[in-house]
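K.L.:
Below are the chains, spelled out letter by letter.
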Amino acid sequence: AQTVTQSQPEMSVQEAETVTLSCTYDTSESNYYLFWYKQPPSRQMILVIRQEAYKQQNATENRFSVNFQKAAKSFSLKISDSQLGDTAMYFCAFMKHGSGGATNKLIFGTGTLLAVQP
Amino acid sequence: DTAVSQTPKYLVTQMGNDKSIKCEQNLGHDTMYWYKQDSKKFLKIMFSYNNKELIINETVPNRFSPKSPDKAHLNLHINSLELGDSAVYFCASSHRGGGAGSGNTIYFGEGSWLTVV
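Here the protein sequences line up with chains Z and S, keeping their order.
Okay, so the first sequence: first residue is 742 according to our numbering, each after it adds one.
Okay, so the second sequence: first residue is 21 according to our numbering, each after it adds one.
Only chain Z is shown next, with the shape it has when bound in the complex (with noise of 0.2 Å):
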C-alpha cells in the first residue's frame, strides 16, 4: 500500500521570502503521479503542481516548484516570493499509474498548514 508522509505539521515564513515543504511517499510502482494542492481557509481544494514520475524534469509552476528525486522518494515544494495568499494547508498527494482513470486514487498526506507573515 503507498503512504505519504509530511513531516511539517505548521511552517512560518515572511512574506517575500522562500520556503520548502517536505513530502515523502512509499510505494513499489514505478509509474505514478505527485500533486500538491493547497487549501486556503475557505476549504477549497485547489490544484497547485503535478508532477509525472517518468519525469526526470521538475515541474514549475509560477512562484512553485518541486524538486522530485524518486530514488529517495521524496517530492518537496518551493514556493518563492512567498505571498499572503499562499496561507493554506497544503497537501500532497499520490497516484497510481492506472490502466484508466476510473482506477485514480489520490493518497493524501496529512497536510502542512502554511502562515504567511507579513
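Since the hints were made in silico from the structure, they are not lab data.
Keep in mind that the hints are not guaranteed to be accurate.
Dumping the calculated DSS-like pairs for lysine-lysine here, alpha-carbon to alpha-carbon at most 27 Å [to be verified]:
| id | chain 1 | residue 1 | chain 2 | residue 2 |
| --- | --- | --- | --- | --- |
| 1 | S | Lys-64 | S | Lys-29 |
| 2 | S | Lys-42 | Z | Lys-846 |
| 3 | Z | Lys-811 | S | Lys-64 |
| 4 | S | Lys-61 | Z | Lys-819 |
| 5 | Z | Lys-837 | Z | Lys-819 |
| 6 | S | Lys-42 | S | Lys-60 |
| 7 | Z | Lys-837 | S | Lys-61 |
| 8 | Z | Lys-796 | Z | Lys-819 |
| 9 | S | Lys-29 | S | Lys-87 |
| 10 | S | Lys-87 | Z | Lys-837 |
| 11 | S | Lys-42 | Z | Lys-814 |
| 12 | S | Lys-91 | S | Lys-72 |
| 13 | S | Lys-61 | S | Lys-29 |
| 14 | S | Lys-64 | Z | Lys-846 |
| 15 | S | Lys-29 | Z | Lys-819 |
| 16 | S | Lys-29 | S | Lys-56 |
| 17 | Z | Lys-846 | S | Lys-91 |
| 18 | S | Lys-29 | S | Lys-72 |
| 19 | S | Lys-72 | Z | Lys-837 |
| 20 | Z | Lys-846 | S | Lys-61 |
| 21 | S | Lys-72 | Z | Lys-846 |
| 22 | S | Lys-87 | Z | Lys-846 |
| 23 | S | Lys-91 | Z | Lys-837 |
None of the values given here were measured: they were computed from a predicted structure.
Guided by the hints, dock chain S onto chain Z, whose structure is given.
P.N.:
Chain S in isolation, oriented as in the chain Z frame:
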C-alpha cells in the same frame, strides 16, 4: 462558471436524519469522486464512478449511497446520520486517463460542510 459545484455548501442536521449532497461538473469529465475530510483535515476517498458505474468503494458504511444519474452528476445520500459523519465532503472529477497529460488530474469542488448535532 464553477467547474465542479456542490450543494449545499453548509448543512446542519440532527442525528438520525437522512440528507443528500449534490454534485455537478461541467468539465466534460467521465469520472467523479467523493472524498471525505475529517475533523483532523485528513482526506480520504470514499467512492469513484466512471460513466455512471461504481468503480471504487472504500469500505464506506452502507448508510452512504452514491448515485450517478449521468456522467456529469454524482450525488451522495446519507441515511441515519451519526455524529461521526460530521466532516467536509468533497466532490471531484477527472478524465479517464492512464497516459501522459492532464488526464489523471483530479479537480475538486468547494466542499460541503456537514455538521451532525
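K.L.:
Indicate, hint by hint, whether the structure satisfies it.
P.N.:
Now the hints, each set against the structure:
no.: 1; hint: Lys-64/S - Lys-29/S; in the structure: holds (19 Å)
no.: 2; hint: Lys-42/S - Lys-846/Z; in the structure: holds (21 Å)
no.: 3; hint: Lys-811/Z - Lys-64/S; in the structure: holds (24 Å)
no.: 4; hint: Lys-61/S - Lys-819/Z; in the structure: holds (22 Å)
no.: 5; hint: Lys-837/Z - Lys-819/Z; in the structure: holds (23 Å)
no.: 6; hint: Lys-42/S - Lys-60/S; in the structure: holds (24 Å)
no.: 7; hint: Lys-837/Z - Lys-61/S; in the structure: holds (22 Å)
no.: 8; hint: Lys-796/Z - Lys-819/Z; in the structure: holds (18 Å)
no.: 9; hint: Lys-29/S - Lys-87/S; in the structure: holds (19 Å)
no.: 10; hint: Lys-87/S - Lys-837/Z; in the structure: holds (25 Å)
no.: 11; hint: Lys-42/S - Lys-814/Z; in the structure: violated (37 Å)
no.: 12; hint: Lys-91/S - Lys-72/S; in the structure: holds (6 Å)
no.: 13; hint: Lys-61/S - Lys-29/S; in the structure: holds (17 Å)
no.: 14; hint: Lys-64/S - Lys-846/Z; in the structure: holds (9 Å)
no.: 15; hint: Lys-29/S - Lys-819/Z; in the structure: violated (32 Å)
no.: 16; hint: Lys-29/S - Lys-56/S; in the structure: holds (14 Å)
no.: 17; hint: Lys-846/Z - Lys-91/S; in the structure: holds (18 Å)
no.: 18; hint: Lys-29/S - Lys-72/S; in the structure: holds (24 Å)
no.: 19; hint: Lys-72/S - Lys-837/Z; in the structure: holds (22 Å)
no.: 20; hint: Lys-846/Z - Lys-61/S; in the structure: holds (18 Å)
no.: 21; hint: Lys-72/S - Lys-846/Z; in the structure: holds (17 Å)
no.: 22; hint: Lys-87/S - Lys-846/Z; in the structure: holds (19 Å)
no.: 23; hint: Lys-91/S - Lys-837/Z; in the structure: holds (23 Å)
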